[in-house]
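Based on the provided sequences and hints, a complete structural model is requested.
There are 2 protein chains.
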Amino acid sequence: MSRALHDVATGTLFGVALNYQGLLNQHLTEFEQPPYQKPPIKPVLFIKTPNTRNGQDGVVVHPGAGERLQPGPALGVVMGQSASRVSVDQALDYVAGYTIVNEFSLPEDSYYRPAVKAKCRDGFCSIGPELIPAAQIPDPQKLDIKLFVNGEVRQANSTANFVRGVAQLIAEISEFMTLHAGDVLITGTPEGRVDVVPGDRVEIEISGLGRLINHIVVV
Amino acid sequence: MSRALHDVATGTLFGVALNYQGLLNQHLTEFEQPPYQKPPIKPVLFIKTPNTRNGQDGVVVHPGAGERLQPGPALGVVMGQSASRVSVDQALDYVAGYTIVNEFSLPEDSYYRPAVKAKCRDGFCSIGPELIPAAQIPDPQKLDIKLFVNGEVRQANSTANFVRGVAQLIAEISEFMTLHAGDVLITGTPEGRVDVVPGDRVEIEISGLGRLINHIVVV
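Just so you know, the protein sequences line up as chains A and B, in that order. Start counting the first sequence at 233; every next residue gets the next number (my numbering). Start counting the second sequence at 233; every next residue gets the next number (my numbering).
Hints in this document: simulated from the structure, not taken from any laboratory. Possibly wrong hints are sitting among the right ones.
Just so you know, same-sequence chains aren't split out, so a pair can sit in one copy or run between any two.
In the SDA-like style, the derived pairs of lysine to any residue whose C-alpha atoms are separated by at most 25 Å in a straight line are [claimed, not checked]:
no., residue 1, residue 2
1, 349, 318
2, 374, 400
3, 274, 293
4, 270, 443
5, 274, 451
Here you go:
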């Protein structure tokens, strides 16, 4: 039986940018320009602060007229024990389970280094509907992920297209920082982000993890 | 009497980049280049994750040979109550008190958008030695701030040189995200960051807030 998500996923919410090969390919030209002049060689991380936490059936406030709001379908990985400098082979042993994350954002001005202001508005990180134990998801790189807006499919991709798989992300991140039990890795959002507006019903479905539903409202 | 710091400052650690006028001036030319092409018009924020928490007399692990480690003297502002869309005039009423922060970092590759990898190694955010109630610091923009390495002054500046004062930071940040009681604003590090090496004793002194001491050690 699944432990309740809200009892386990209590830690830091780490976002991973640029983790779909299609998205990375779209931005390779831009990364050749100053100031970076090369694509990122390590995972690009950002943080979703605690004020962003949201859940199943929660409302997300649109930032207002003239602004754009984009849902971000992502596989969420909930850590089950602390991980420091773990190997790729051992990494999945540290996972408690998986869930769905809708990582809302204003449009990116930089995929290379996402901005707190774009990522951390109140309610901008919906997590749920439940925690599926790792044992039920033997291969996290074979999951279909779909975004529905008002019942219509608007993004469809697969975790098979990750730049870095879950095990590799845990290994590379835990090289320089300790991941703690309860921390959540938001493993990336595929290319083709869409805008949503007040009144929209936004749903994310991932194979075996159910469907996470949120509602866009006016300020 | 001061409430114990560790009972109050339990929330998110928000760093503010580029908040000394001297530092901003040094980087204006760089900001005219792609991809930004203008200086930031809003506070540039970054997060120090919970694994970075450290305190008085704590050790900070040097990242190793070939890497550079830099202390970051900063005034810490501890929120006393939740703040959402507060005005500059009211902002300081939401402050519980002040403390010292040593915001350790690898050298910045981008001041415009600091990297999690450079900012969030374990132990990279020392806070202390105590929480001084806001009533004892009537004007947070008149504090001297000094960095000592092995007893020698290596940086000296004043919070009078902030780009944005404490009240303005709280007002601008709370426009787009709720600051909660216990959150800490790390209000910026002055220009002239220095490298430290294993064996160094690093101390930060701020007028009225005491002296925060940390020790650099090998991996």
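Status of the hints after comparison with the structure:
When the C-alpha separation of residue 349 and residue 318 is checked against a cutoff of 25 Å, the pair qualifies only between copies, where the shortest distance is 17 Å, while the shortest distance within a copy is 32 Å. In the homo-oligomer, the alpha carbons of residue 374 and residue 400 lie at most 25 Å apart inside one protomer (15 Å), although the nearest pairing across protomers, at 48 Å, exceeds that limit. Proximity of residue 274 and residue 293 under a CA criterion of 25 Å is satisfied inter-copy only: 21 Å between copies versus 33 Å inside one chain copy. For the homomeric pair residue 270 and residue 443, neither the shortest alpha-carbon distance inside one copy (37 Å) nor that between copies (41 Å) is at most 25 Å.
Taking the shortest alpha-carbon separations for residue 274 and residue 451, only the inter-copy value of 21 Å comes in at or below 25 Å, while the best intra-copy value is 37 Å.
Figure legend: structure checked against the earlier numbered hints; the only hint not met is number 4.
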